[in-house]
Amino acid sequence: MTSPTLSPQSLTTDHQPPSIWVKQLSLRYGRKVSFANVDAQFRAGQITALIGPSGCGKTSFLSCLNRLHELTPTAQLAGQVYLNDCDTETIPLTPLRRQVGMLFQKPNPFPLSIYRNLAFPLKEHGICDRTHIHHIIETTLTDVGLWAEVKDRLKAPALSLSGGQQQRLCLARALALKPQVLLMDEPCSALDPLSSEVIEDLILRLKGIYTILIVTHNLGQASRIADDVAFFWVQHDVGQLIEFGPAKEIFANPQDPLTAAYTSGRRG
Amino acid sequence: MVRRHPAGKEQGATLMVWLVALGITAVFLWLLSDVIWQGGQAVNGAFLTQAPAKAGLEGGIAPILVSTGLVLGVCIGVSLPLGLGTAVFLTEFSPQRSHRVIRLSLDILAGVPSIVFGLFGNAFFSRVLGLGFSILSGGLTLACMVLPILIRSIQVGLVNVPREYRQAAAALGLSRLGTLKTLILPAALPGIAVGILLGIGRAIAETAALIFTSGYVDRMPTSLLDSGRVLSIHIFDLAMNIPGGEQNAYGTALVLVILLIVINTLVSWFAERFRQSKLQIL
Numbered sequence: 000m001t002s003p004t005l006s007p008q009s010l011t012t013d014h015q016p017p018s019i020w021v022k023q024l025s026l027r028y029g030r031k032v033s034f035a036n037v038d039a040q041f042r043a044g045q046i047t048a049l050i051g052p053s054g055c056g057k058t059s060f061l062s063c064l065n066r067l068h069e070l071t072p073t074a075q076l077a078g079q080v081y082l083n084d085c086d087t088e089t090i091p092l093t094p095l096r097r098q099v100g101m102l103f104q105k106p107n108p109f110p111l112s113i114y115r116n117l118a119f120p121l122k123e124h125g126i127c128d129r130t131h132i133h134h135i136i137e138t139t140l141t142d143v144g145l146w147a148e149v150k151d152r153l154k155a156p157a158l159s160l161s162g163g164q165q166q167r168l169c170l171a172r173a174l175a176l177k178p179q180v181l182l183m184d185e186p187c188s189a190l191d192p193l194s195s196e197v198i199e200d201l202i203l204r205l206k207g208i209y210t211i212l213i214v215t216h217n218l219g220q221a222s223r224i225a226d227d228v229a230f231f232w233v234q235h236d237v238g239q240l241i242e243f244g245p246a247k248e249i250f251a252n253p254q255d256p257l258t259a260a261y262t263s264g265r266r267g
Numbered sequence: 000m001v002r003r004h005p006a007g008k009e010q011g012a013t014l015m016v017w018l019v020a021l022g023i024t025a026v027f028l029w030l031l032s033d034v035i036w037q038g039g040q041a042v043n044g045a046f047l048t049q050a051p052a053k054a055g056l057e058g059g060i061a062p063i064l065v066s067t068g069l070v071l072g073v074c075i076g077v078s079l080p081l082g083l084g085t086a087v088f089l090t091e092f093s094p095q096r097s098h099r100v101i102r103l104s105l106d107i108l109a110g111v112p113s114i115v116f117g118l119f120g121n122a123f124f125s126r127v128l129g130l131g132f133s134i135l136s137g138g139l140t141l142a143c144m145v146l147p148i149l150i151r152s153i154q155v156g157l158v159n160v161p162r163e164y165r166q167a168a169a170a171l172g173l174s175r176l177g178t179l180k181t182l183i184l185p186a187a188l189p190g191i192a193v194g195i196l197l198g199i200g201r202a203i204a205e206t207a208a209l210i211f212t213s214g215y216v217d218r219m220p221t222s223l224l225d226s227g228r229v230l231s232i233h234i235f236d237l238a239m240n241i242p243g244g245e246q247n248a249y250g251t252a253l254v255l256v257i258l259l260i261v262i263n264t265l266v267s268w269f270a271e272r273f274r275q276s277k278l279q280i281l
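Taken in order, these protein sequences are the chains called A and B.
Under numbering that gives the first Met the number 0, read the first sequence as residues 0 to 267, first letter to last.
Under numbering that gives the first Met the number 0, read the second sequence as residues 0 to 281, first letter to last.
Honestly, the hints are just simulated from the structure, not real lab data.
Here the structure is a predicted model, which means the values were calculated and not measured.
Please note: incorrect hints may appear among the correct ones.
The calculated BS3-like cross-link candidates involving lysine-lysine, where the alpha carbons are at most 30 angstroms apart (straight line), are [what the hints assert, rightly or not]:
| # | chain 1 | residue 1 | chain 2 | residue 2 |
| --- | --- | --- | --- | --- |
| 1 | B | Lys277 | A | Lys177 |
| 2 | A | Lys122 | B | Lys8 |
| 3 | B | Lys277 | A | Lys105 |
| 4 | A | Lys154 | B | Lys277 |
| 5 | A | Lys206 | A | Lys105 |
| 6 | B | Lys180 | A | Lys154 |
| 7 | B | Lys180 | A | Lys150 |
| 8 | A | Lys177 | B | Lys180 |
| 9 | B | Lys180 | A | Lys105 |
Here are a few chain A residues that sit away from chain B, every Cβ distance over 12 angstroms (derived from the structure) [stated by the list, open to error]:
| # | residue |
| --- | --- |
| 10 | Asp38 |
| 11 | Ala43 |
| 12 | Gln45 |
| 13 | Arg66 |
| 14 | Gln75 |
| 15 | Leu76 |
| 16 | Asn83 |
| 17 | Asp86 |
| 18 | Pro110 |
| 19 | Glu196 |
| 20 | Ile208 |
| 21 | Asn217 |
| 22 | Leu218 |
| 23 | Pro256 |
Every residue gets a Cβ at the ideal spot worked out from N, C-alpha and C, and that includes glycine.
Turn these sequences into a full structure, and let the hints guide you.
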């Protein structure tokens, strides 16, 4: 697999990435509390890794930031999420989710052609000019290093791509809408090490342009790419944010014994 | 009690399963070959193109085929858009809590004997709405009868669409209508086709409900407000009321079976073609 060649100038968005401010955020599914009382401020344009054992509410936490938790009928959210100064509850869903893109654990391209995977969302968001659409598609596919691999078969099914290619297509699909925030839920966990490395390189190059939150179980990955680290743990059956700070601090000098135990591999 | 070796038990079970499968297939084949054998002699070009004479003892079934087509057309034309709309509303837009009640009532409705629908159709469409004994009131009655089956199978088709499609679309901020049109409905097409087929199967074989509503006049219908006799009623009439009508009853039954097979094949084929033109699933 070739390493993608990026054209950094095309990656820039029109706006500065926002900081994300989370105040007393709690989420429950029916009676089961997923996580509770999370307070944190994620720095603009930086990469924050969310780490912690399975079931501690990291993925649920991520889904509250673009209000994707609303797809689950039993989910109840308390607390506030701010993008800069703007409460996400006050932003209509369509612009909010356009602004806050998401990449999932399992690559989830639509069962459409490679081209239509990108064109369909663009059209839905009111971009109808074909040359403009084509330009965006070429630029974003180039950005994720997929253009050279697929430019001759844009009409081929997206599902015929390899896992790593599918994930890059999904990233391109999110980037095409010019978001300012990217949420990533273990984007490399379903991929082989080589594809995983390609995605990781991509994420690093997106730093500064987007505010990125990435859930990962791979502590090596977290230490390689993250500026900040948020460590979650389950206490009394409830997910909690135990420690939050610069990645170097968390890994070299953790304040909480739980963090120390988890990052050193003794627990988790 | 004899203690058997597990392998012997396994073989015994396999044999049982095969015997049951064979038995069911044999009954079906016997039925089919009987209809083909006895009906084959009656069916020819003239049988399909001529009007019945002497209460069906002579002549063919042309007006009956036309009436059947019209009743079925009215039934599907009315029930498909209604059923599709209801199923989409139920799965995509309505609150989850109301689902159980609606699902339960649909399941009960699907199990109501057709004669009850016939009486309802007679009272409501024929009398209250003044449609009389007509193809229209027959088709509408069948539509009521088919709707619960149609809604439930389309619902199942929609629910079975992979959750990732909706999740991915929602995360991109796509509208629900756009997602529905481009992804969900095409992906649910096989389920929708099954619903249509079950509906048609029930409608085309229906006798009781139609005696009360579309009537049994065997003339060629000239409008939807004419009374018209469908294939199943023709078979019933020939077999039960007309001495010596068995031959043509079998012939009509054969036509009915062939019609059903043709419709089945066509609907499945079109659904698959349509899905492939909309989606690229490997």
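Decide, holds or violated, for the assertion that all CB atoms of chain B are farther than 12 angstroms from the CB of isoleucine 208 of chain A. holds, 19 angstroms
Lysine 122 of chain A and lysine 8 of chain B were given as a pair; does the straight-line alpha-carbon distance stay at or below 30 angstroms? Since the Cα atoms of lysine 122 of chain A and lysine 8 of chain B sit roughly 61 angstroms apart, the hinted pair is violated (cutoff 30 angstroms).
Taking the shortest Cβ-to-Cβ distance between leucine 218 of chain A and chain B, state whether it exceeds 12 angstroms. holds, 26 angstroms
Verify the proposed pairing of lysine 154 of chain A with lysine 277 of chain B, using a straight-line Cα cut of 30 angstroms. holds, 13 angstroms
Far enough from chain B: is every CB of that chain over 12 angstroms from the CB of alanine 43 of chain A? Since the minimum Cβ distance to chain B is about 21 angstroms, alanine 43 of chain A lies beyond 12 angstroms and the statement holds.
Minimum Cβ separation between proline 256 of chain A and chain B greater than 12 angstroms? holds, 36 angstroms
Below or equal to 30 angstroms on CA atoms is what counts here, so check lysine 180 of chain B against lysine 105 of chain A. holds, 24 angstroms
Least C-beta distance from aspartate 38 of chain A to chain B larger than 12 angstroms: holds, 25 angstroms
Test the statement that leucine 76 of chain A is away from the interface with chain B: the closest C-beta pair must be farther apart than 12 angstroms. holds, 16 angstroms
With a cut-off of 30 angstroms on the C-alpha distance, tell me whether lysine 177 of chain A and lysine 180 of chain B pass. Judged against 30 angstroms, a Cα distance of about 24 angstroms means the pair holds.
Distal placement of glutamine 75 of chain A relative to chain B, Cβ over 12 angstroms: Non-interface label on glutamine 75 of chain A holds, nearest chain B Cβ at 14 angstroms vs cutoff 12 angstroms.
Was proline 110 of chain A rightly flagged as not at the interface, with every chain B Cβ beyond 12 angstroms? Violated, since 5 angstroms does not exceed 12 angstroms.
Figure legend: structure checked against the earlier numbered hints; hints not met, in rising order: 2, 13, 18.
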